[in-house]
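Protein chains in written order, with numbering that gives the first Met the number 0: chain A, 0 to 156; chain L, 0 to 156; chain F, 0 to 120; chain H, 0 to 120.
Any given hint could be a false lead.
[Said to hold, decoys possible] No more than 30 Å apart at the CA atoms, straight line, and that leaves these computed lysine-lysine pairs for DSBU-like:
id : chain 1 : residue 1 : chain 2 : residue 2
1  : L       : 139       : H       : 86
2  : F       : 9         : F       : 86
3  : H       : 9         : L       : 135
4  : A       : 86        : A       : 131
5  : A       : 139       : F       : 86
6  : L       : 86        : A       : 131
7  : L       : 135       : L       : 86
8  : H       : 9         : H       : 86
9  : A       : 135       : F       : 9
10 : A       : 86        : A       : 135
11 : L       : 86        : L       : 131
If you're looking for bench data, these hints aren't it; they were derived computationally from the structure.
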Amino acid sequence: MASYERTFCLQVPSSTENLALIREFVAAIGEQAGFSENETARLALAVDEACTNVIEHAYENEATHEVTVRVTVDEDEIVFEVIDRGKGFDPTQAPVLPVEELIRQRRSGGLGLRLIRSIMDDVQYRIVPGEKNELKMIKKRRAGGAGGADAARPAQG
Amino acid sequence: MASYERTFCLQVPSSTENLALIREFVAAIGEQAGFSENETARLALAVDEACTNVIEHAYENEATHEVTVRVTVDEDEIVFEVIDRGKGFDPTQAPVLPVEELIRQRRSGGLGLRLIRSIMDDVQYRIVPGEKNELKMIKKRRAGGAGGADAARPAQG
Amino acid sequence: MTRSFSIETKNHGPVRVIAIRGYLDAHTAPQFENVVAEELRAGRCRLVVDCTDLDYISSAGLGVFMTFIDEARQAGGDIKLAAIQPKVYQIFDVLGFPALFDIQPSVEQAVARFDGAAEKD
Amino acid sequence: MTRSFSIETKNHGPVRVIAIRGYLDAHTAPQFENVVAEELRAGRCRLVVDCTDLDYISSAGLGVFMTFIDEARQAGGDIKLAAIQPKVYQIFDVLGFPALFDIQPSVEQAVARFDGAAEKD
Ligand SMILES: Nc1ncnc2c1ncn2[C@@H]1O[C@H](COP(=O)(O)OP(=O)(O)O)[C@@H](O)[C@H]1O
Ligand SMILES: Nc1ncnc2c1ncn2[C@@H]1O[C@H](COP(=O)(O)OP(=O)(O)O)[C@@H](O)[C@H]1O
């Protein structure tokens, strides 16, 4: 069973130009791993959000750095690791304001982390600023998936 | 000028299932690098052929290994490196028979290396069987491209 | 490839319809932001964003709606959304957008929800 | 996604038309190979491969044509190709296929090139 595990890795320059490629990468793997089209679209969104944050915040829009996305698929779950060597941050300090509040403040930001958290079953950071920052996002498969499995259809619950 | 150089890297399990993803990876980069749709399609084909060979010959269709494609783009050229740790081979010994001869022998193989050579401007192997086999394929940009610029139309012959 | 994004604007009576196509992400959102900002600056505050051909939206795209919705409403207008594909709608939904924005099944329905939109032509 | 490959076969008079769609690479070629082998085994050696919706072909796909062309011809038939998109045609061209295979602009033209194809219906 352990032999089912498969690993994929994509490394691209830290430019928003490459977000489309990153999404296609995730979509191809999600589809291959048996996730539905809607689930796969959400996985691609979460990874897009994580990579956008790396490009815009960790690297402050300097396109000369690199973003790495590692994906591991096994019979239970799909795991995404987004890795950068940028400035890092303290995720416990990142504000999660209600959307109404963001609108009142005319703030366009603050939605990315919320989307990541609602899409994924588990989100972990390992931050060593300037050295290696890792965001690990885990999505359980629907069948075995206890927590947060997103049943688009009633399914075998 | 050197700052223009951009590197991309994709690593996938050694299964033909991943050829489509590899082609999309190459297509996205080729397009971003300013190659035409037809040129980009040919670059994707050459990389597909190289990866197919790795999967089928270097790894003898065992899907538990990995294929790596590194792409470097600068103002002069695009360079593809296909890397494996499989059994390797002696490229000088690979037969390049005419298509008629292949048909006479009812052989379906033998076209991949020929396609790679006709598409790319330069093809180099560095083979260390079982350790690290590298196939480096270089395509010049058309403008500055002396040797082998791929004129789909009569062009500057 | 279909990695592109494009915008088209036209009048629908007194309402301005902005059709967005393709992929709206952090790379393409600035284009959309410029167009909406320009409409509001020009005093056109009754906006319908036609999402018929919108294939993808990330928070960068959603942020454009959030940035300008208040301004449009304070000017007596609104930014209404129309014809969102289910795949894209699920993203708006996750963030609770349907409670905050007026989202209609078709451009015609969205246009009709502006007071007096039916008067002129 | 559009990463798929599919095959449909039908009769066109005494000729068998095999329509291939999508991406024909080392992953999908075995499917195509099985279909062609089956046709020949069943004695249907007048084949036209309709490439209208073929978006991609690599050497693994080209190899299928090479494997069976002689067998089809020796049985008094042929494997003709029809309606290849320019993007795909360039690949056949690089390998010199147009000199070795009968490639026609349309399925109808390819079918018509079989002797007596017009007789029956
Ligand atoms: N990878 C990262 N590196 C540095 N800071 C980050 C990173 N990810 C998120 N942040 C911080 O968390 C905040 C909230 O992120 P997010 O919810 O994605 O909204 P936005 O990016 O639109 O501001 C960001 O504004 C930024 O300050
Ligand atoms: N990466 C590789 N590892 C081992 N052998 C290879 C590799 N690439 C090519 N070869 C050898 O060269 C031969 C010719 O390759 P190619 O022209 O692609 O045709 P095909 O793969 O269809 O046989 C193969 O049959 C194989 O013996």
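Review point. Given the proposed pairing of residue 139 (chain L) with residue 86 (chain H), does the C-alpha separation stay at or below 30 Å?
Key: It holds: about 20 Å lies between the C-alpha atoms, which stays within 30 Å.
Exercise for review: Please work out if residue 135 (chain L) and residue 86 (chain L) have their alpha carbons no farther apart than 30 Å.
Suggested key: Cα-Cα ~17 Å, so holds.
Review point. Are residue 139 (chain A) and residue 86 (chain F) close enough, with their CA atoms no more than 30 Å apart?
Key: Measuring from Cα to Cα gives roughly 20 Å; hence the hint holds.
Check your understanding: Within a Cα-Cα threshold of 30 Å, do residue 86 (chain A) and residue 135 (chain A) meet the stated pairing?
Key -> Judged against 30 Å, a Cα distance of about 17 Å means the pair holds.
Review point. Keeping to a limit of 30 Å between CA atoms, is the pair of residue 86 (chain L) and residue 131 (chain L) held or broken?
Key: At roughly 9 Å apart (the allowed maximum being 30 Å), residue 131 (chain L) and residue 86 (chain L) satisfy the hint.
Check your understanding: Does residue 131 (chain A) lie within 30 Å of residue 86 (chain L) when you go C-alpha to C-alpha?
Key -> At roughly 34 Å apart (the allowed maximum being 30 Å), residue 131 (chain A) and residue 86 (chain L) break the hint.
Exercise for review: Given the hint that residue 9 (chain F) pairs with residue 86 (chain F), test it: the Cα-Cα distance must not exceed 30 Å.
Suggested key: holds (25 Å)
Review point. Is the hinted pair residue 9 (chain H) and residue 135 (chain L) satisfied, with a Cα-Cα distance of at most 30 Å?
Key: violated (44 Å)
Practice item. Would you mind confirming whether the straight-line C-alpha gap from residue 86 (chain A) to residue 131 (chain A) stays at or under 30 Å? Key: Between residue 86 (chain A) and residue 131 (chain A) the Cα gap is close to 9 Å, so the pair holds against 30 Å.
**Study point:** Pair hint outcome, residue 9 (chain H) versus residue 86 (chain H) [Cα-Cα no greater than 30 Å]
**Key:** Distance of about 25 Å is within 30 Å: holds.
Check your understanding: Given the hint that residue 135 (chain A) pairs with residue 9 (chain F), does the C-alpha gap stay at or below 30 Å?
Key -> Violated, because 44 Å separates the two Cα atoms, which is more than 30 Å.
In the structure shown, a violation is registered for the earlier hints numbered 3, 6 and 9, in ascending order.
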